[in-house]
Amino acid sequence: MPRIGRLVVEGYPHHVVQRGHNRQVVFAGDEDYERYISDLRELKATFGIRLYAYCLMTNHVHLLLGPRESPAALGSFMKALAGRATRYRNRLEGRSGTLWESRYKSSLVQADSYLLACCRYIELNPVRARMVASPQAYAWSSAKERLGQRPADLLDWNPSYLSLGRSEVERKQEYSRYLREAIPEGEWTLIRDSLQRGQLTGTKKFVNEIERITGARVEHRARGRPRKEPEAENK
Numbered sequence: 000m001p002r003i004g005r006l007v008v009e010g011y012p013h014h015v016v017q018r019g020h021n022r023q024v025v026f027a028g029d030e031d032y033e034r035y036i037s038d039l040r041e042l043k044a045t046f047g048i049r050l051y052a053y054c055l056m057t058n059h060v061h062l063l064l065g066p067r068e069s070p071a072a073l074g075s076f077m078k079a080l081a082g083r084a085t086r087y088r089n090r091l092e093g094r095s096g097t098l099w100e101s102r103y104k105s106s107l108v109q110a111d112s113y114l115l116a117c118c119r120y121i122e123l124n125p126v127r128a129r130m131v132a133s134p135q136a137y138a139w140s141s142a143k144e145r146l147g148q149r150p151a152d153l154l155d156w157n158p159s160y161l162s163l164g165r166s167e168v169e170r171k172q173e174y175s176r177y178l179r180e181a182i183p184e185g186e187w188t189l190i191r192d193s194l195q196r197g198q199l200t201g202t203k204k205f206v207n208e209i210e211r212i213t214g215a216r217v218e219h220r221a222r223g224r225p226r227k228e229p230e231a232e233n234k
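Taking numbering that gives the first Met the number 0, the leading residue of the sequence shown gets 0, the next gets one more, and so forth.
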């Protein structure tokens with residue numbers, strides 16, 4: 000199925016992945032990861048971007064982002080973030096040239112049905128790569144923050160996460176259990192394929208909703224089985 004043009008809609012989560020050029024290493028040591036996270040913290044505030052999950056792998060990054068106001072902010076944010084990492088690496092190695100693939104991949108995500116599924120998909124990356132036995136054992140993802148092993152001031156909380164429990168302790172416990180659940184194959188495939196093809200991660204109802212908002216025809220494929228979320232409490 001052909002890839003649709005990149006869709007960015009304010010207020011909605013977007014699953015983004017950016018890979019090193021020719022899959023080259025972009026994080027060679029702790030200082031590289033730390034600098035990227037520092038830039039992430041600064042630039043999300045500058046461009047008005049919410050950050051729901053992240054995972055920095057050796058040669059690529061996964062981010063779950065939401066532009067607060069302007070859809071154009073997402074592209075500007077990614078350009079600034081990639082540019083800083085490139086300039087840092089070039090100075091460090093005394094070279095010039097590109098660090099990243101020219102185009103990052105992105106998928107608009109249905110928040111109520113798939114946001115937590117995408118968080119889990121992102122935070123399990125190091126486990127799938129057999130780098131660690133559990134997501135919280137990996138230093139460079141949002142799993143440690145979501146499970147209370149590190150201050151969570153970098154993350155933004157979505158109603159899908161807040162609905163997991165009445166207290167932060169309950170939410171952490173429920174999310175920890177969720178990470179350990181067997182993941183339906185259809186859900187995994189949908190998230191992966193939607194990202195690779197630049198399609199929507201969501202149900203047919205979600206596709207219709209985005210078509211009404213954007214006025215653009217959106218391709219759809221068979222959906223997986225999302226986690227059924229409880230209704231968020233009114234706050």
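No lab work stands behind these hints: they were computed from the structure.
Using N, Cα and C, we set each Cβ at its ideal position, and we do this for glycine too.
Be careful, since some hints might not be right.
What the hints assert, rightly or not - Computed Cβ-Cβ distance ranges for the label pairs, DEER-style:
hint, residue 1, residue 2, range
1, R86, E184, 21 to 27 Å
2, A44, S101, 25 to 31 Å
3, Q148, S95, 25 to 31 Å
4, L153, N21, 27 to 33 Å
5, S101, R127, 37 to 43 Å
Each hint tested on the structure:
| no. | hint | in the structure |
| --- | --- | --- |
| 1 | R86 <-> E184: 21 to 27 Å | 41 Å, violated |
| 2 | A44 <-> S101: 25 to 31 Å | 26 Å, holds |
| 3 | Q148 <-> S95: 25 to 31 Å | 39 Å, violated |
| 4 | L153 <-> N21: 27 to 33 Å | 29 Å, holds |
| 5 | S101 <-> R127: 37 to 43 Å | 26 Å, violated |
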